[in-house]
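What follows is the residue order along each chain.
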Amino acid sequence: MEKKVFKRTGGLTDIPMRYCPGCGHGIIHRLVAEVIEELGVQKRTIGIAPVGCSVFADEYFNCDMIQPPHGRGPAVATGMKRIRPDCVVFSYQGDGDLASIGMAETVHAAARAENITIIFVNNAIYGMTGGQMAPTTLIGMKSTTSPFGRDVKRAGYPIRMCEFLAALDAPGYLVRVSVHKPANVMKAKKAVKKAFQVQMEGLGFSMVEIISQCPTDWFLTPLQAVEYVEKQMIPYYPLGEYKTPFKKEEGKKEAKDKIEVEFRTDFN
Amino acid sequence: MSRIEVDEKRCKGCGLCVIACPFGVLDLSDKFSSTGYYPAVMVKPEKCTGCTLCALVCPDVAIEVYKETKKAGAEK
Numbered sequence: 001m002e003k004k005v006f007k008r009t010g011g012l013t014d015i016p017m018r019y020c021p022g023c024g025h026g027i028i029h030r031l032v033a034e035v036i037e038e039l040g041v042q043k044r045t046i047g048i049a050p051v052g053c054s055v056f057a058d059e060y061f062n063c064d065m066i067q068p069p070h071g072r073g074p075a076v077a078t079g080m081k082r083i084r085p086d087c088v089v090f091s092y093q094g095d096g097d098l099a100s101i102g103m104a105e106t107v108h109a110a111a112r113a114e115n116i117t118i119i120f121v122n123n124a125i126y127g128m129t130g131g132q133m134a135p136t137t138l139i140g141m142k143s144t145t146s147p148f149g150r151d152v153k154r155a156g157y158p159i160r161m162c163e164f165l166a167a168l169d170a171p172g173y174l175v176r177v178s179v180h181k182p183a184n185v186m187k188a189k190k191a192v193k194k195a196f197q198v199q200m201e202g203l204g205f206s207m208v209e210i211i212s213q214c215p216t217d218w219f220l221t222p223l224q225a226v227e228y229v230e231k232q233m234i235p236y237y238p239l240g241e242y243k244t245p246f247k248k249e250e251g252k253k254e255a256k257d258k259i260e261v262e263f264r265t266d267f268n
Numbered sequence: 269m270s271r272i273e274v275d276e277k278r279c280k281g282c283g284l285c286v287i288a289c290p291f292g293v294l295d296l297s298d299k300f301s302s303t304g305y306y307p308a309v310m311v312k313p314e315k316c317t318g319c320t321l322c323a324l325v326c327p328d329v330a331i332e333v334y335k336e337t338k339k340a341g342a343e344k
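Just so you know, the protein sequences line up as chains A and B, in that order.
Quick note on numbering: my numbering labels position 145 of the first sequence as 145, and the sequence is numbered without any gaps.
Quick note on numbering: my numbering labels position 48 of the second sequence as 316, and the sequence is numbered without any gaps.
Please note: incorrect hints may appear among the correct ones.
[As the list claims (entries may be wrong)] Within a straight-line C-alpha distance of at most 27 Å, the following computed DSSO-like cross-link-like pairs (lysine-lysine) qualify:
hint: 1; chain 1: A; residue 1: 142; chain 2: B; residue 2: 335
hint: 2; chain 1: A; residue 1: 181; chain 2: B; residue 2: 335
hint: 3; chain 1: A; residue 1: 4; chain 2: A; residue 2: 187
hint: 4; chain 1: B; residue 1: 338; chain 2: B; residue 2: 312
hint: 5; chain 1: A; residue 1: 3; chain 2: B; residue 2: 277
hint: 6; chain 1: A; residue 1: 181; chain 2: B; residue 2: 315
hint: 7; chain 1: B; residue 1: 312; chain 2: A; residue 2: 190
hint: 8; chain 1: A; residue 1: 190; chain 2: B; residue 2: 299
hint: 9; chain 1: B; residue 1: 335; chain 2: B; residue 2: 315
hint: 10; chain 1: A; residue 1: 43; chain 2: B; residue 2: 315
hint: 11; chain 1: A; residue 1: 142; chain 2: A; residue 2: 3
hint: 12; chain 1: A; residue 1: 4; chain 2: B; residue 2: 312
hint: 13; chain 1: A; residue 1: 43; chain 2: B; residue 2: 335
hint: 14; chain 1: A; residue 1: 193; chain 2: B; residue 2: 312
hint: 15; chain 1: A; residue 1: 187; chain 2: B; residue 2: 299
hint: 16; chain 1: B; residue 1: 315; chain 2: B; residue 2: 277
hint: 17; chain 1: A; residue 1: 142; chain 2: A; residue 2: 231
hint: 18; chain 1: B; residue 1: 277; chain 2: A; residue 2: 181
hint: 19; chain 1: A; residue 1: 190; chain 2: A; residue 2: 142
hint: 20; chain 1: B; residue 1: 338; chain 2: A; residue 2: 3
Since the hints were made in silico from the structure, they are not lab data.
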């Protein structure tokens, strides 16, 4: 006799996903859908689909979805949550959407401590438009607009969103996870679940940054892309919780003690 | 015996499940699926323990896992 131990979650529709082979979006869709189903909030969940590769997320998630303009996910989520405080609102966004055009909306939603959850998929590139350089593209990484690798003098440095938002007082839960290995997928699911619980308990803004792989625009095979995440992405984007509401005061004191301010003197 | 079922209409042959399996149960097929990819198949079905690691990393949620229950094993 055998028992079904893993089946497709009811939080996803039956439509096959149109992502490239090896793309991390599918795994992240499944994690979010499973968490929504496990928390039993599928009937009162509103999702915000992004502009980017996952623009068709409204077809895949089995809950109410809305599609705002590019980068305006947190602003629309704010309105949704303020009008319907009983609903669970999450915004699913990529790095071009959240860290580039939608930076103002993201930072101000976080600073106002809006009670929403953001799922931030960081694959270090603009996927849908053909692999251009994003704000999160690593130094020296090749893209179609930086064919010789990202040059610091021309394009500056990549933005670390979790550390950036952790500087604000308001956010409740900030965490960075990845989905390149089974163990990391399990950790990512716990982080997504915690983020939704933070929202349902009214503890403020929560964001889960998920390091994802993009084999097509990194010009790698899916297996090489997984290796790239481990060897190149994670050293620059360290995994872990940056802010959690459960140890807020202790964490704050520790963080203040740890910060060492270095003044730059090498300006040209 | 534990086993997995791969939905060939969803599988895109990325091979993430092949490296995730600790026992080398899975490999990519030699034949095209109806969508034009080489789907994952079980090459060593007797070694499958039903650990669900392959299903966890599958980006297209194409894998379903059936695990053999202990009671049934004792009866056999």
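Each hint, compared with the structure:
1. A:142 / B:335: violated, 44 Å
2. A:181 / B:335: Measuring from Cα to Cα gives roughly 21 Å; hence the hint holds.
3. A:4 / A:187: holds, 23 Å
4. B:338 / B:312: holds, 21 Å
5. A:3 / B:277: holds, 23 Å
6. A:181 / B:315: holds, 21 Å
7. B:312 / A:190: violated, 32 Å
8. A:190 / B:299: Distance ~37 Å between residue 190 of chain A and residue 299 of chain B Cα, so the pair is violated.
9. B:335 / B:315: holds, 12 Å
10. A:43 / B:315: violated, 41 Å
11. A:142 / A:3: violated, 47 Å
12. A:4 / B:312: holds, 20 Å
13. A:43 / B:335: Given pair residue 43 of chain A, residue 335 of chain B is violated - Cα atoms ~31 Å apart, limit 27 Å.
14. A:193 / B:312: violated, 35 Å
15. A:187 / B:299: Distance of about 35 Å is beyond 27 Å: violated.
16. B:315 / B:277: holds, 25 Å
17. A:142 / A:231: holds, 16 Å
18. B:277 / A:181: Distance of about 24 Å is within 27 Å: holds.
19. A:190 / A:142: violated, 33 Å
20. B:338 / A:3: holds, 10 Å
When held up to the earlier numbered hints, the structure conflicts with 1, 7, 8, 10, 11, 13, 14, 15, 19 and fits the remainder.
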